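Let's have the full structure, built from the sequences with the hints guiding it.
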Amino acid sequence: MPTLIFGGAFDPPHNEHIKALRCAVETTGAERAVILPTYYPPHKSAGFLDFATREELCRLAFSDVGCEVVVDDEEKRRSKDNFACILLAEMKRKYGDIIYLIGGDSLRDLDTWRNPEAIMKICPVAVAPRKGCGDAETQRDAALKKYGGEIILLDFLGEDVSSGRIKAKFLLGEDCDDVPAKVAEYITSHGLFRTHAAAVEKLKGMESAELYAHSVQAVMRAVDLNSRHNLRQDFDKVFLAALLHDNAKERPSADGLDVPSDSIGTPVLHQFLGAEKAARDFGITDKDILGAIRYHTTAKPDMTVLERLIYTADSTSYDREYDPIPQLRAAVDADFERGFREVLAYTYLKLKKKGGKVYPLTEDAVEFYLPELAKGESRERKTRQGAQ
1 MPTLIFGGAF
11 DPPHNEHIKA
21 LRCAVETTGA
31 ERAVILPTYY
41 PPHKSAGFLD
51 FATREELCRL
61 AFSDVGCEVV
71 VDDEEKRRSK
81 DNFACILLAE
91 MKRKYGDIIY
101 LIGGDSLRDL
111 DTWRNPEAIM
121 KICPVAVAPR
131 KGCGDAETQR
141 DAALKKYGGE
151 IILLDFLGED
161 VSSGRIKAKF
171 LLGEDCDDVP
181 AKVAEYITSH
191 GLFRTHAAAV
201 EKLKGMESAE
211 LYAHSVQAVM
221 RAVDLNSRHN
231 LRQDFDKVFL
241 AALLHDNAKE
251 RPSADGLDVP
261 SDSIGTPVLH
271 QFLGAEKAAR
281 DFGITDKDIL
291 GAIRYHTTAK
301 PDMTVLERLI
311 YTADSTSYDR
321 EYDPIPQLRA
331 AVDADFERGF
341 REVLAYTYLK
351 LKKKGGKVYP
361 LTEDAVEFYL
371 PELAKGESRE
381 RKTRQGAQ
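One point on numbering: in full-length UniProt numbering, the residue at position 16 of the sequence shown is 16, and numbering is uninterrupted.
Any given hint could turn out to be false.
Said to hold, decoys possible - No more than 25 Å apart at the CA atoms, straight line, and that leaves these computed lysine-lysine pairs for DSS-like:
id	residue 1	residue 2
1	Lys287	Lys202
2	Lys204	Lys249
3	Lys354	Lys249
4	Lys287	Lys300
5	Lys300	Lys353
Unchecked claim - Here are the in silico distance ranges between beta carbons for each label pair:
id	residue 1	residue 2	range
6	Phe368	Arg77	41 to 51 Å
7	Lys352	Thr138	34 to 44 Å
8	Leu231	Lys131	17 to 27 Å
It should be emphasised that the hints constitute simulated quantities derived from the structure, not laboratory data. Owing to the predicted nature of the structure, the values given are computational and were not obtained by experimental measurement. Quick reminder that beta carbons are idealized off the backbone N, C-alpha and C, glycines included.
Next comes the structure, spelled out in structure tokens:
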């Protein structure tokens, strides 16, 4: 009887993890499932919950999957070089006949893994397909042709659940039915995900219900995009920048704060004020967060990944359903960098069509990211001037 090896951040473990493992147990007849939480060394900021907490949450989450469950701390013991090709060899030595369980996103990205040929030689791989990850059968066939081995496609189609979105719900104090009741109770009773509770409550008191609802949807969009495109942006920075991006939108008083004089009285003032008030009222000192707030409306040349992320998440947030936002949202989902440029082009051309003045930073951003569009607009402007 084989042992299933199931690794992941489990930050936190959620219902789709459990459903996938149950299906794998039923399909393979495994007598044991070994859960391998990812270990992040102390000098890295990748994990939100610490290793010991995620271990305990895994014990709670996977307590009823139809077989014996072992939560193994092999990654922590090793602390480095925790590549699947190395870990699986150790798991095979330790547990004997093994099957490696992965999600549809991992099958899709198998070519990017360290030494996938070695993985396929060590043990069969069971795949739990997932919505939004492409055609699993085509991906399986391509992987078998390239690497050999055995791939078991489970009769399963997981929902496209983002652990980032789950973390965001808890941080926002919202109900979350994406995790088992035992996990939710542990999180609540141990005060987990309360890091930004004060900022959330303060913002709720500052923003109208409508604006706060937009801020929440911008958070969800930002964490989804960060996860979907593996942008590797620090979760706290993404969360806070998205949450606070409009904190000054309904508080236009400059209060003597340092903002560009040409922004006063314009729709872009709130981005500059937002950065200043995030520092003053919410104690934000991180330059990355403040920069993302400061340019979320105008954009600017040579933006950081976080700045592009917050700009794009705000423009395509889930509460915006008017055309062409759903189409732009789909473009961003397909390709983040290309989608960002499409959002910038749409915003710029919309402003031009209205006939108002385009803020200089936006003009500069278009010249930087969309030089052909900028040249075309320049030629058109010269033609109009020549005809006058």
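Now the hints, each set against the structure:
1. For the hint pairing lysine 287 with lysine 202, the CA-to-CA distance comes to about 21 Å; that is within 25 Å, so the pair holds.
2. A hinted pair counts as satisfied when its Cα atoms are at most 25 Å apart, and lysine 204 with lysine 249 qualifies at roughly 13 Å.
3. About 21 Å separates the Cα atoms of lysine 354 and lysine 249, which keeps this hinted pair within 25 Å; it holds.
4. The hinted pair formed by lysine 287 and lysine 300 meets the criterion: a straight-line CA distance of about 16 Å does not exceed 25 Å.
5. Straight-line distance between C-alpha atoms of lysine 300 and lysine 353 comes to about 20 Å, which keeps the hinted pair within the 25 Å bound.
6. Checking the proposed 41 to 51 Å range against phenylalanine 368 and arginine 77 shows it holds: the Cβ atoms sit about 47 Å from each other.
7. The hinted window of 34 to 44 Å between lysine 352 and threonine 138 holds, with their beta carbons roughly 42 Å apart.
8. Checked against the hint of 17 to 27 Å, the pair leucine 231 and lysine 131 passes, with Cβ atoms roughly 20 Å apart.
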